[in-house]
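Asker: Chains as they are written, first to last, in numbering that gives the first Met the number 0: chain V, 0 to 389; chain Y, 0 to 306.
Check before you lean on any hint, since a few could be wrong.
The following residues of chain V were derived to be distant from chain Y, with all beta-carbon distances above 10 Å [claimed, not checked]:
hint: 1; residue: Ser35
hint: 2; residue: Asp77
hint: 3; residue: Lys84
hint: 4; residue: Val116
hint: 5; residue: Val194
hint: 6; residue: Glu289
Covered stretches of chain Y (chain V as the covering partner; in silico rule of three or more C-beta atoms under 8 Å from a C-beta of chain V) [claimed, not checked]:
hint: 7; region: 117-125
hint: 8; region: 128-139
hint: 9; region: 147-157
hint: 10; region: 270-283
With beta-carbon atoms standing in for the labels, derived distance ranges [stated by the list, open to error]:
hint: 11; chain 1: V; residue 1: Asp385; chain 2: Y; residue 2: Ala279; range: 28 to 36 Å
hint: 12; chain 1: Y; residue 1: Gly136; chain 2: V; residue 2: Ala387; range: 16 to 24 Å
hint: 13; chain 1: V; residue 1: Lys365; chain 2: Y; residue 2: Phe100; range: 36 to 44 Å
hint: 14; chain 1: Y; residue 1: Leu284; chain 2: V; residue 2: Lys91; range: 47 to 55 Å
hint: 15; chain 1: Y; residue 1: Gly136; chain 2: V; residue 2: Gly263; range: 18 to 26 Å
hint: 16; chain 1: Y; residue 1: Asp125; chain 2: V; residue 2: Lys372; range: 57 to 65 Å
hint: 17; chain 1: V; residue 1: Lys91; chain 2: Y; residue 2: Phe100; range: 35 to 43 Å
hint: 18; chain 1: V; residue 1: Gly62; chain 2: Y; residue 2: Val83; range: 49 to 57 Å
hint: 19; chain 1: V; residue 1: Asp77; chain 2: Y; residue 2: His86; range: 33 to 41 Å
hint: 20; chain 1: V; residue 1: His182; chain 2: Y; residue 2: Gly101; range: 27 to 35 Å
hint: 21; chain 1: V; residue 1: Lys372; chain 2: Y; residue 2: Arg265; range: 32 to 40 Å
hint: 22; chain 1: Y; residue 1: Ala279; chain 2: V; residue 2: His182; range: 19 to 27 Å
Rather than coming from a laboratory, the hints here were simulated on the basis of the structure. The beta carbon of each residue, even a glycine, is placed where N, CA and C say it ideally should be.
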Amino acid sequence: MTKVKLLVAFAAAFGLWTSAAHAQENVKVGVIATLSGPPAVLGQQLRNGFALAVKELGGKLGGRDTEVVVADDELKPDVAVSKVKALIDRDKVDFVVGPVFSNILGAIEKPVTEANVILISPNAGTSTFAGKECNPNFFVTSYQNDQIHEVLGRYAQDSGVKKVIVIVPNYQAGKDAAVGFKHKFAGEVLDEIYVPLGQLDYSAELSRIAAAAPDAVFAFLPGGMGVNFVKQFRQAGLADKITFLSAFTVDESTLPAQQDAALGMLAGSNWAPNLDNPQNKAFVDAYLKEYNAVPATYAFQAYDAAMLIDSAVRAVKGDLTNKDAVRAALKKADFKSLRGSFKFNTNQYPIQDFYLVKVAKRPDGKYETEIEKKVFSNYGDSFAKDCAMK
Amino acid sequence: MSGTLFLVQILNGLQLGVLLFLIAAGLTLVFGVMDFINLAHGVQYMLGAYLAVAFYGIVGNFLAALVLALLAALAFGLLLEFLVFRHLYERDHLDQVIATFGIILFLNHAVRVIWGAAPLTLAVPDFFTGSVVIGNGLLYPVWRLVIIGSGLAVAAGLYLLVSFTRLGMLVRAGATNARMVSALGVDIKRLFMIVFGFGTMLAGFAGIMIAPIISVEPGMGTNILILAFVVIVIGGIGSIRGAFLAALLIGLVDTLGRSFSVDILRLVMAPSPARTVGPAIASMLIYVLMAVVLYVRPTGLFPARGR
Chain V
0 MTKVKLLVAF AAAFGLWTSA AHAQENVKVG VIATLSGPPA VLGQQLRNGF ALAVKELGGK
60 LGGRDTEVVV ADDELKPDVA VSKVKALIDR DKVDFVVGPV FSNILGAIEK PVTEANVILI
120 SPNAGTSTFA GKECNPNFFV TSYQNDQIHE VLGRYAQDSG VKKVIVIVPN YQAGKDAAVG
180 FKHKFAGEVL DEIYVPLGQL DYSAELSRIA AAAPDAVFAF LPGGMGVNFV KQFRQAGLAD
240 KITFLSAFTV DESTLPAQQD AALGMLAGSN WAPNLDNPQN KAFVDAYLKE YNAVPATYAF
300 QAYDAAMLID SAVRAVKGDL TNKDAVRAAL KKADFKSLRG SFKFNTNQYP IQDFYLVKVA
360 KRPDGKYETE IEKKVFSNYG DSFAKDCAMK
Chain Y
0 MSGTLFLVQI LNGLQLGVLL FLIAAGLTLV FGVMDFINLA HGVQYMLGAY LAVAFYGIVG
60 NFLAALVLAL LAALAFGLLL EFLVFRHLYE RDHLDQVIAT FGIILFLNHA VRVIWGAAPL
120 TLAVPDFFTG SVVIGNGLLY PVWRLVIIGS GLAVAAGLYL LVSFTRLGML VRAGATNARM
180 VSALGVDIKR LFMIVFGFGT MLAGFAGIMI APIISVEPGM GTNILILAFV VIVIGGIGSI
240 RGAFLAALLI GLVDTLGRSF SVDILRLVMA PSPARTVGPA IASMLIYVLM AVVLYVRPTG
300 LFPARGR
């Protein structure tokens with residue numbers, strides 16, 4: 000009897016609690032990013048970009064008060080999974096925004112989407128979820144990873160580069176980068192150099208590159224690896240002789256450390272701080288003022304993710320209980336992207352323009368990438384055709 | 000594979016070797032003389048680099064920053080010795096490992112709090128920028144030659160110090176039998192402190208010299224510490240000569256392995272698998288070498304005499 004009483008009391012309490020929760024409470028967004036270890040800079044950019052957007056919207060998304068819960072995935076897939084589960088089960092978030100790294104995305108995509116929570120990736124865009132495994136609860140505001148490598152491949156092809164050496168870390172994303180580049184480049188690849196992930200000193204590899212004397216180097220060396228490679232590339236006297244093409248190797252998160260060594264180096268991107276439109280100008284100024292740093296793609300894509308959520312919450316008039324309506328509203332992408340033209344492909348990855356960007360020094364002494372030329376217009380990824388969604 | 004490329008790769012190997020020696024020298028002395036496992040030695044290397052960046056920001060002159068950073072690294076090492084390590088000498092190795100590991104975590108986080116998580120950078124001193132041409136047109140950065148030169152100079156200085164001075168004699172004696180040295184009336188605590196401070200300073204020096212080449216970031220000391228342990232195991236614990244030769248050996252094996260493993264494998268495999276297998280084998284080489292040395296000569300190649 001007491002057991003039944005207890006159960007009833009529990010049920011009543013639970014019922015009360017859930018009905019209370021249904022009253023107009025806050026929109027809850029969980030942000031998961033890498034905020035510790037050397038790649039913390041990237042996660043901070045992501046977090047800051049999102050926070051800036053929420054702040055500019057007066058602490059609201061779609062007109063409703065918003066609570067942002069930030070979690071650190073520590074760049075460990077198992078940690079990331081337990082953190083997103085806490086975001087979903089304990090914090091009851093409506094949206095999860097993150098992560099930075101593709102291997103983390105691989106770990107958290109299922110737990111989030113299967114809980115019928117919407118996952119918006121403001122950076123990682125693996126091929127895995129772009130094709131057959133595409134998911135109605137999963138949106139990407141960055142790009143499909145391969146597209147960036149394809150930008151460099153196409154540019155190398157168009158600009159008459161004949162011989163290239165590819166240098167990438169010896170793991171899946173590194174191999175994907177080499178494949179993406181070669182997909183658009185028909186010239187000769189003299190050598191593909193695979194280095195251990197996290198290598199700091201490239202003396203041996205640079206000597207090999209110098210001896211082979213290619214027209215260009217294609218490097219995919221994210222974070223600290225790129226900082227070191229770029230500096231040593233310059234020190235070895237190669238920067239004046241060999242065109243430096245790169246993906247995720249020179250950007251606003253690494254430039255404070257690379258500085259003059261990176262000047263003139265080329266990269267592929269879907270955006271740059273000097274991209275000319277009014278909303279972007281305002282964003283860069285506000286970010287500089289708030290964080291005293293030039294925003295990188297991580298920040299702008301997270302900002303766009305917040306604006307995307309804002310547009311969807313507004314479209315459903317704040318009612319997040321009907322998930323179908325929320326998804327449909329998200330898919331319309333009815334917001335002003337900082338990159339200008341933006342819409343979702345059938346697989347809910349963006350269709351957008353891609354640019355070749357070049358490292359330059361700003362008048363204020365800081366460094367940024369600047370648009371050099373447009374390489375692809377309204378470019379969707381090649382995996383969308385395998386996605387069953389319409 | 001040209002002769003010039005081979006020569007350049009040997010220089011690269013030497014450069015890595017002398018860097019490892021600077022770190023391993025202090026480690027092997029502390030381990031050999033005090034029987035103290037100091038995992039936090041790599042943190043001193045990181046700290047040297049950070050201090051150099053910080054002082055360079057203040058004084059704007061590399062040489063002055065070098066001297067100030069060395070002194071600060073020494074002072075900090077002595078402070079750590081006084082606060083923490085001194086109380087651990089009598090404890091067993093597990094306690095030492097746990098305590099010094101704690102220091103790694105603490106200091107890695109401390110530098111992040113002070114200097115931020117973003118990698119920092121130090122410019123190559125103006126006088127040593129640029130590169131020299133070696134053989135048929137291959138360029139070699141002058142700063143790497145400076146590292147090789149200064150590392151060799153430190154090695155020579157250490158050799159003279161250890162072989163021909165009274166302090167060196169005590170260090171050698173301490174490495175052989177610390178208890179006996181103490182029984183003969185030498186203030187062993189003071190000796191320990193000097194050895195420790197000196198080792199710390201060498202690690203800091205390595206960090207300062209490498210800062211213009213690699214990015215200065217939290218945790219940069221951790222990987223290099225593992226290599227330094229490999230060096231002292233191969234060289235023989237407590238032996239400066241062993242540390243020197245083993246460091247050069249490791250530097251050369253690692254660099255030449257990374258440079259030529261793919262080319263060598265291509266002779267027997269298709270190019271595509273060779274490209275993936277080559278780097279994997281190259282990164283294992285030094286550990287294989289260590290295993291072989293341990294099997295053939297368990298005390299290392301050049302053990303401190305009397306052990």
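Asker: Any hints this thing doesn't respect? Which numbers, in order?
Answerer: Those not satisfied are hints 1, 5, 9, 12, 16 and 20.
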